[in-house]
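Undergrad: This is what each chain is made of:
There are 2 protein chains.
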Amino acid sequence: MKQSMTLIPTLREVPADAEVKSHQLLLRAGFMRQNSSGIYSYLPLGRQVLQKIEAIVREEMDGAGAVELLMPALQQAELWQESGRWYTYGPELMRMKDRHQRDFALGATHEEVITSLVRDEVKSYKRLPLTLYQIQTKFRDEKRPRFGLLRGREFIMKDAYSFHANQESLDEVYNKLFTAYSNIFRRCGLNFRAVIADSGAMGGKDTHEFMVLSDIGEDTIAYSDTSDYAANIEMAPVTATYQKADEPYRELEKVHTENQKSIEEVSSYLKVSPESCIKSLLFRIDEKLVLVLVRGDHEVNDIKLKNLFNAGTVDLATPEETKAAMNCAVGSLGPIGSGDNIEIVADHAVRAVVNGVCGANQEDFHFVNVNSDRDFSHVKFEDLRFIQEGDPSPDGEGTIKFAMGIEVGHVFKLGTRYSEAMQATFLDENGRTQPMIMGCYGIGVSRTLAAVAEQFNDEKGLVWPANLAPFQLHIIPVNIKDEIQSSLASELYSSLKVSGYEVLFDDRQERPGVKFADSDLIGIPVRITVGKRAAEGIVEMKIRKTGEVLELHKDELPAVIEKFISNR
Amino acid sequence: MKQSMTLIPTLREVPADAEVKSHQLLLRAGFMRQNSSGIYSYLPLGRQVLQKIEAIVREEMDGAGAVELLMPALQQAELWQESGRWYTYGPELMRMKDRHQRDFALGATHEEVITSLVRDEVKSYKRLPLTLYQIQTKFRDEKRPRFGLLRGREFIMKDAYSFHANQESLDEVYNKLFTAYSNIFRRCGLNFRAVIADSGAMGGKDTHEFMVLSDIGEDTIAYSDTSDYAANIEMAPVTATYQKADEPYRELEKVHTENQKSIEEVSSYLKVSPESCIKSLLFRIDEKLVLVLVRGDHEVNDIKLKNLFNAGTVDLATPEETKAAMNCAVGSLGPIGSGDNIEIVADHAVRAVVNGVCGANQEDFHFVNVNSDRDFSHVKFEDLRFIQEGDPSPDGEGTIKFAMGIEVGHVFKLGTRYSEAMQATFLDENGRTQPMIMGCYGIGVSRTLAAVAEQFNDEKGLVWPANLAPFQLHIIPVNIKDEIQSSLASELYSSLKVSGYEVLFDDRQERPGVKFADSDLIGIPVRITVGKRAAEGIVEMKIRKTGEVLELHKDELPAVIEKFISNR
Numbered sequence: 001m002k003q004s005m006t007l008i009p010t011l012r013e014v015p016a017d018a019e020v021k022s023h024q025l026l027l028r029a030g031f032m033r034q035n036s037s038g039i040y041s042y043l044p045l046g047r048q049v050l051q052k053i054e055a056i057v058r059e060e061m062d063g064a065g066a067v068e069l070l071m072p073a074l075q076q077a078e079l080w081q082e083s084g085r086w087y088t089y090g091p092e093l094m095r096m097k098d099r100h101q102r103d104f105a106l107g108a109t110h111e112e113v114i115t116s117l118v119r120d121e122v123k124s125y126k127r128l129p130l131t132l133y134q135i136q137t138k139f140r141d142e143k144r145p146r147f148g149l150l151r152g153r154e155f156i157m158k159d160a161y162s163f164h165a166n167q168e169s170l171d172e173v174y175n176k177l178f179t180a181y182s183n184i185f186r187r188c189g190l191n192f193r194a195v196i197a198d199s200g201a202m203g204g205k206d207t208h209e210f211m212v213l214s215d216i217g218e219d220t221i222a223y224s225d226t227s228d229y230a231a232n233i234e235m236a237p238v239t240a241t242y243q244k245a246d247e248p249y250r251e252l253e254k255v256h257t258e259n260q261k262s263i264e265e266v267s268s269y270l271k272v273s274p275e276s277c278i279k280s281l282l283f284r285i286d287e288k289l290v291l292v293l294v295r296g297d298h299e300v301n302d303i304k305l306k307n308l309f310n311a312g313t314v315d316l317a318t319p320e321e322t323k324a325a326m327n328c329a330v331g332s333l334g335p336i337g338s339g340d341n342i343e344i345v346a347d348h349a350v351r352a353v354v355n356g357v358c359g360a361n362q363e364d365f366h367f368v369n370v371n372s373d374r375d376f377s378h379v380k381f382e383d384l385r386f387i388q389e390g391d392p393s394p395d396g397e398g399t400i401k402f403a404m405g406i407e408v409g410h411v412f413k414l415g416t417r418y419s420e421a422m423q424a425t426f427l428d429e430n431g432r433t434q435p436m437i438m439g440c441y442g443i444g445v446s447r448t449l450a451a452v453a454e455q456f457n458d459e460k461g462l463v464w465p466a467n468l469a470p471f472q473l474h475i476i477p478v479n480i481k482d483e484i485q486s487s488l489a490s491e492l493y494s495s496l497k498v499s500g501y502e503v504l505f506d507d508r509q510e511r512p513g514v515k516f517a518d519s520d521l522i523g524i525p526v527r528i529t530v531g532k533r534a535a536e537g538i539v540e541m542k543i544r545k546t547g548e549v550l551e552l553h554k555d556e557l558p559a560v561i562e563k564f565i566s567n568r
Numbered sequence: 001m002k003q004s005m006t007l008i009p010t011l012r013e014v015p016a017d018a019e020v021k022s023h024q025l026l027l028r029a030g031f032m033r034q035n036s037s038g039i040y041s042y043l044p045l046g047r048q049v050l051q052k053i054e055a056i057v058r059e060e061m062d063g064a065g066a067v068e069l070l071m072p073a074l075q076q077a078e079l080w081q082e083s084g085r086w087y088t089y090g091p092e093l094m095r096m097k098d099r100h101q102r103d104f105a106l107g108a109t110h111e112e113v114i115t116s117l118v119r120d121e122v123k124s125y126k127r128l129p130l131t132l133y134q135i136q137t138k139f140r141d142e143k144r145p146r147f148g149l150l151r152g153r154e155f156i157m158k159d160a161y162s163f164h165a166n167q168e169s170l171d172e173v174y175n176k177l178f179t180a181y182s183n184i185f186r187r188c189g190l191n192f193r194a195v196i197a198d199s200g201a202m203g204g205k206d207t208h209e210f211m212v213l214s215d216i217g218e219d220t221i222a223y224s225d226t227s228d229y230a231a232n233i234e235m236a237p238v239t240a241t242y243q244k245a246d247e248p249y250r251e252l253e254k255v256h257t258e259n260q261k262s263i264e265e266v267s268s269y270l271k272v273s274p275e276s277c278i279k280s281l282l283f284r285i286d287e288k289l290v291l292v293l294v295r296g297d298h299e300v301n302d303i304k305l306k307n308l309f310n311a312g313t314v315d316l317a318t319p320e321e322t323k324a325a326m327n328c329a330v331g332s333l334g335p336i337g338s339g340d341n342i343e344i345v346a347d348h349a350v351r352a353v354v355n356g357v358c359g360a361n362q363e364d365f366h367f368v369n370v371n372s373d374r375d376f377s378h379v380k381f382e383d384l385r386f387i388q389e390g391d392p393s394p395d396g397e398g399t400i401k402f403a404m405g406i407e408v409g410h411v412f413k414l415g416t417r418y419s420e421a422m423q424a425t426f427l428d429e430n431g432r433t434q435p436m437i438m439g440c441y442g443i444g445v446s447r448t449l450a451a452v453a454e455q456f457n458d459e460k461g462l463v464w465p466a467n468l469a470p471f472q473l474h475i476i477p478v479n480i481k482d483e484i485q486s487s488l489a490s491e492l493y494s495s496l497k498v499s500g501y502e503v504l505f506d507d508r509q510e511r512p513g514v515k516f517a518d519s520d521l522i523g524i525p526v527r528i529t530v531g532k533r534a535a536e537g538i539v540e541m542k543i544r545k546t547g548e549v550l551e552l553h554k555d556e557l558p559a560v561i562e563k564f565i566s567n568r
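The listed protein sequences correspond, in order, to chains F and D. Residue numbering for the first sequence follows UniProt numbering, starting at 1 and increasing by one per position. Residue numbering for the second sequence follows UniProt numbering, starting at 1 and increasing by one per position.
Mixed in with the good hints, there may be bad ones.
Said to hold, decoys possible - Derived DSS-like pairs: lysine-lysine, alpha-carbon spacing no greater than 30 Å straight-line:
no., chain 1, residue 1, chain 2, residue 2
1, D, Lys126, F, Lys497
2, F, Lys2, D, Lys123
3, F, Lys460, D, Lys123
It should be emphasised that the hints constitute simulated quantities derived from the structure, not laboratory data.
Bound-form chain F, shown alone:
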């Protein structure tokens, strides 16, 4: 591609509203432009990288036995009403009316469309399993679009849906697509983890998010420093065991702790460590009030509470509820003397606290020398806290560390959520009607582009991995008006294109400094500079990533390039 024929509008300045590297660099290097908030045009360079990501996605999806189709963006409201999401999705689902005043949604996702399609066409177990995918534009009216392509309102997604006659078949396809996803992100060169995620209200047990590790990520990942284990922090079980201090139980005593409410205040006032304190929190779990105890240096993980009680909602009780139930304020709660009506659950760590401190259900008083086995009744011990850095990894290998992650993919065992709501049934081997069991699998294609840009850059600009780069080679004649340079550059451009390389040829009449700065910003892996030694047939080859520079005769060039590009 001759640079004069395409549109690569580079910028010297960092755009004011671009907070993160990928957003800044994709704008500055002319890969994209914003149309309106959260809505972008992919300029030629951006389009090319997108297509390379799409090609990888297609290869891996096809390899996993998924079949491509293409569903519409305009989705009739009736489908969303059948699933119920017309009423629950909120303003992120963009809605409109057609000329006949019929309601439509702009596809934010395609569970409804695919379920209605498969419901209408597949009636027998003989046609299952079936895994269908598409690469398509999605619309979600984010409240606060940000970070460029990382959180936009119109974006490109690969979404896949699988339909099964039984759970084993779902498990099998889930595992295949899990592997395909790992391959896709590995081939994109990303530093990522497949993270155990919350399956929410969907009921499915298995769900993984594919997270690119990045400081700008919005989710915290707990991962093992030695194994593959990774989970959203809410999802990581705590397998730590706790050793009781080898000291004798002292006598339980109620002490005055005027105005000391928080763990910090109490522990400092009583001169004990937070680890010796027992934090008591009153939760409303569905309709029931439950007192939850964790060690003073730990935090209650409400997802674990929710799962323990198989509950719909878990919320902290309000001060009013607390007062009514316990006759004291939130900061004075404790398990001793809390009455028989209140169920108490405690985190395992509480059991190992010796001579600890807890609230006395009385304003300005705490118990000291608390020992759960001696002083508590009706307490169940469970895993209730958030995992922390330094905890043992739940898989038994290594120690937990935290990182932030950008979600680029998601695999999910949906179960029968949609097939039951929309009557997508089939006849099984015994002629019985069953709801299909479903899985769904998403990849943010445009978000992956941004995630790669976020991980592959340096102070000069983008640094594309060779297999995703918009071009593999960038030829720059230092002075295009110089007959010898221009003609050698053109000759190399033609011959390298014939050899199958994607070549960008900077044929613009610009100063060398501008061309080199643009080239660094764009980040094509190999630059070939044709300068003063063109008359001798000597050119300079520079590796964008390492900065390594070689002077080569044009006849040596093809072999060196081939070695470099195939080495990647």
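Based on these hints, arrange chain D on the given structure of chain F.
TA: Only chain D this time, still in chain F's reference frame:
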């Protein structure tokens, strides 16, 4: 692809609401399904054909120097307000509000988006010309969606836009893209014509529509039976010359023609041919009333009137206007004694009428023995009528025939319509600010899929050309439960895939009749049937198009297939 793993829901019955062959067959053969009126899902087979068409489009566009990008579907209203089309486009432009109540259009086309993009990024003649294209989903809320993909509300289009510093540059790119378009539709195997079209109010001189010839087309094309000439019938100039009959002028006479109004009535009552009658029609052209004369067997072409008077609107005068201006009814109008206030224009054919008939501007009376050079004053003779079958072709080669056409592509010299409205200017070589000159170029990608299906079918189903077929080979074991057949079929499936063919393998447990009927319906070019002679290694190869059947040993198969596929 194993047929058991994909979704090809064939139908035996013709769907009730599908009027045309392509619509019926694409539904019956499982290439697509309707989601709602004018909105479709492309099932796996349909998606594959689309991708092949898209690949051809990309190759030819890239070859013509166009560069791909991707613009959004969600377009802010402000852009459409700048161009003015927010107010003029009508209900076909789908509109919506986002969560902040800001107005958006769903892209029906992208002149506004691309013009704003190029306006912001290109400032100098040095960056021109620039030709950008995308393959993208478009939305148009058609009043009456019909014929399946031929007139839908959500469809796939390739749209391109070019920007130029001068007219010569536009002409050059226009010609290149004209050639690219011809290549694209030729490679799709379509019987098409590049048709001279009406540039409407856009002011551009050159515009061509690429029309696939088809009885279900909505536009009438006048084409030469011997040359490449083709035009929308409104656009074809009439170059016919007319010979005056060699008979003496008789005396003008007013005759009583009670209740005879139409040309048919008058000519039959007076026992003259319609060719001897002169039809007089009063038009309101902008604000002016003009009497227009054509021969009785001809029709007035109002586009020609519009162009002749360089007018904004051309309408037949109402009976009231006619009465007021001419003091008679519409059916009695004529050029003799019509008064000096009314301008008269006549088609060239009128000049050659000898002793003709025309209205007398008096109810129930006509003039006979009318001769224009003797009896008319103030008449201008122009080309004013529609071309007819049998007329000489305007390019001087052959005779005009009519055909109906489906528009699949359009190339258009836009000029400065958008660049002026949206201030897309550049600095020319002399430092002067100029509006960019633009061209736009569209291809209906999903419509092309339907047009191919419309042209390539027979009574059994679709008959794909090899380069667009979803698969090239269809392997069918007659009885999949037969170990020998099944194993030979699998062996051929694997080896032919390795050889690079796209193979569909019917591994379903269905009766042979079902499998053969499905296969004919789907229309893959070559079918390989593995049946009773599998034990000997003998299979049957059938060419879908010709019905030709060959029995071959499996070892001969690759060579015969290669010959057939490469022969296409």
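Undergrad: For each hint, tell me whether it holds in the structure or not.
TA: Results of checking the hints against the structure:
no.	hint	in the structure
1	D:Lys126 to F:Lys497	25 Å, holds
2	F:Lys2 to D:Lys123	19 Å, holds
3	F:Lys460 to D:Lys123	26 Å, holds
In summary, this structure violates none of the numbered hints.
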